[in-house]
Amino acid sequence: MSRAVPAAVVAAVRRSVSQVCDPEYPEVTIAELGILERVSSTDGGSTVRIELVPTMLGCPALDVIARDATDAARAACAGADISIEVAFVDSPVWTPDRIAPSAVDFLAREYSVAVRRRSANASCPICGGTALEHRSDFGPTPCRSVEWCPQCRNPVEVVGRVEFPAATGAAQSSPAAMGAAQSSPVPA
Amino acid sequence: MNDMGEPERVTAIEPTGDPADVPGARDLVLALADDELCIGQNLGWWIAVGPFLEEDLALTSISQDELGHARALYGLLGDDIDAMAYGREPYEYLCAHITELPCHDWAETLVRHFLYDTAESVRWGALADSSWESLGAVARRALAEERSHLRHATGLLDRLLRTDAGIAHLLPLFDQLAPMACGLFDAPSGCSDEALVAAGVMACELGNQRAQWQDIVGEALAPAGYQPQWAVADPEAAPLGGRAGRRSPHFAALHAEMVEVLSIDPSARW
Ligand SMILES: [Zn+2]
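Protein chains in written order, with our numbering: chain F, 1 to 188; chain Y, 1001 to 1270.
Just so you know, the hints here were simulated from the structure itself, not pulled from any lab data.
Don't be surprised by glycine CBs; every beta carbon is placed ideally from N, CA and C.
Any given hint could turn out to be false.
[To be verified] Short, incomplete list of chain Y residues facing chain F, as computed with Cβ under 7 Å: (1) Q1064; (2) A1072; (3) S1148.
[Stated by the list, open to error] If you want the ones that stay clear, here's a sample from chain Y, every Cβ over 10 Å from chain F, calculated: (4) V1049; (5) S1131; (6) A1137; (7) V1138; (8) L1177; (9) E1194; (10) D1215.
[Stated by the list, open to error] Output of the computed footprint for chain Y on chain F, the stretches with three or more beta carbons under 8 Å from beta carbons of chain Y: (11) 33-41; (12) 57-66.
With the rest of the complex left out, here is chain F (with noise of 0.2 Å):
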């Protein structure tokens, strides 16, 4: 019979993972991105399973985040006999929903990037202005689209270009995806 990995060891990983930040916002940790899903031992074996959820599917960060996460992991089971695997999961899907509102203040404050989330407005994270128009779906990183202020007239970056697909399950069990059960518009 083979042993599980030891709870604390999990929670360790847990901790050392949820440290990992963004490449693209390196002081932003994929944990408060929504990105990191879940940490848990698998199979009663000797494997800790890292479960990510990718922003979109050409995002190419993905491959540093994994790369990151496993070190991270390493790290924090170092000398232990324990395998980790990282896995980008099909569900839940990401949505900006899933970015911790301390993040958004964050990215509004150190970025001026603004998120548009399904339980509240984008506002201008210059002025705070909540009339934003859309410009350009394409902006600068693929996840971010263009828009404009007409308060203070500055272009605005907002993450939340993609019309997410409804989320489901696990999704609402993920303390950084409140309102993330919230059905999109899906047009036919």
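Let chain F serve as the given structure and place chain Y with the ligand on it in line with the hints.
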């Protein structure tokens, strides 16, 4: 692994077994992945040379999305994605010929982009509820990303077709590219789309998807008083058969560009 005390597994009686094993299912996914790979690579050509900055960003963002879709699709077939994307012989690729066209003229890129992304929206829709569950998940995800591609293509096309210059420039390109785009709905050799529909891998047959797509394209062009001709004018001059492994003359250069770094250093990593 401890197998003591594990409840006896009850295998559901499934007439078809694993949907991925339905003959032709993997070939279809490979064909779609190859389409995405070639389109993504070709759109990437526009980096820094788009006609205006926003268009530069749009085409290259779309390129990145399509390459991401290719990666997700190859990932359904195996772990060594680079080997599948770059390491096959030309006759092993199953992409439709329209995806291989360089389209270094922006109007040509726009027309191909419109034809391709409308086709994709139909295709992903037919796969969104696939009995091959991980394929369905990729399709739903891609469908969401696809909406901004469609908005981009249709937005530009609508505006340009309201001008005489746009009509004069774009409509002849539809004459040229629409018949070729029909190849996006060809079945790979040996792939029975009836079997795929029966097994729930796809919601409807490729011919049915092609008809849905032709309706969408026809409707978009009707305000300009134009009806696309779908038949290939001269099959001798432009033999299709991309899905059968026949490569167009553009493939060799495209493939050489894709594997340029890899052929200098096979161990290269980002
Ligand atoms: Zn403002």
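Non-interface label on V1138 (chain Y), tested against every C-beta of chain F at 10 Å:
7 Å, violated
Double-check Q1064 (chain Y) for me: the hint is only fine if its C-beta lies closer than 7 Å to a C-beta in chain F.
4 Å, holds
Between the region 33-41 of chain F and chain Y, are there enough contacts, at least three residues with CB-CB distance under 8 Å, for the coverage claim to hold?
violated (count 0)
Does the nearest C-beta of chain F fall within a distance shorter than 7 Å of the C-beta of A1072 (chain Y)?
5 Å, holds
Whether L1177 (chain Y) stays farther than 10 Å from all C-beta atoms of chain F, as the label says:
With a cut-off of 10 Å, L1177 (chain Y) remains clear of chain F, as the shortest Cβ separation is near 23 Å.
Would you check whether the claim that V1049 (chain Y) is not at the interface survives, using Cβ distances to chain F and the 10 Å cut-off?
16 Å, holds
Let's test the interface hint: is any C-beta of chain F closer than 7 Å to that of S1148 (chain Y)?
4 Å, holds
Minimum Cβ separation between D1215 (chain Y) and chain F greater than 10 Å?
13 Å, holds
For the region 57-66 of chain F, do three or more residues have a beta carbon lying closer than 8 Å to a beta carbon of chain Y?
holds (count 5)
For S1131 (chain Y), is the shortest beta carbon distance to chain F beyond 10 Å?
Fine: 15 Å to the nearest Cβ keeps S1131 (chain Y) off the interface.
Determine whether the non-interface label on E1194 (chain Y) survives the test: each CB of chain F must be over 10 Å from its CB.
Holds, since 26 Å exceeds 10 Å.
Taking the closest pair, is the beta carbon of A1137 (chain Y) still more than 10 Å from chain F?
Answer for A1137 (chain Y): violated, closest chain F Cβ roughly 3 Å.
The structure is inconsistent with the numbered hints 6, 7, 11, although it conforms to all the rest.
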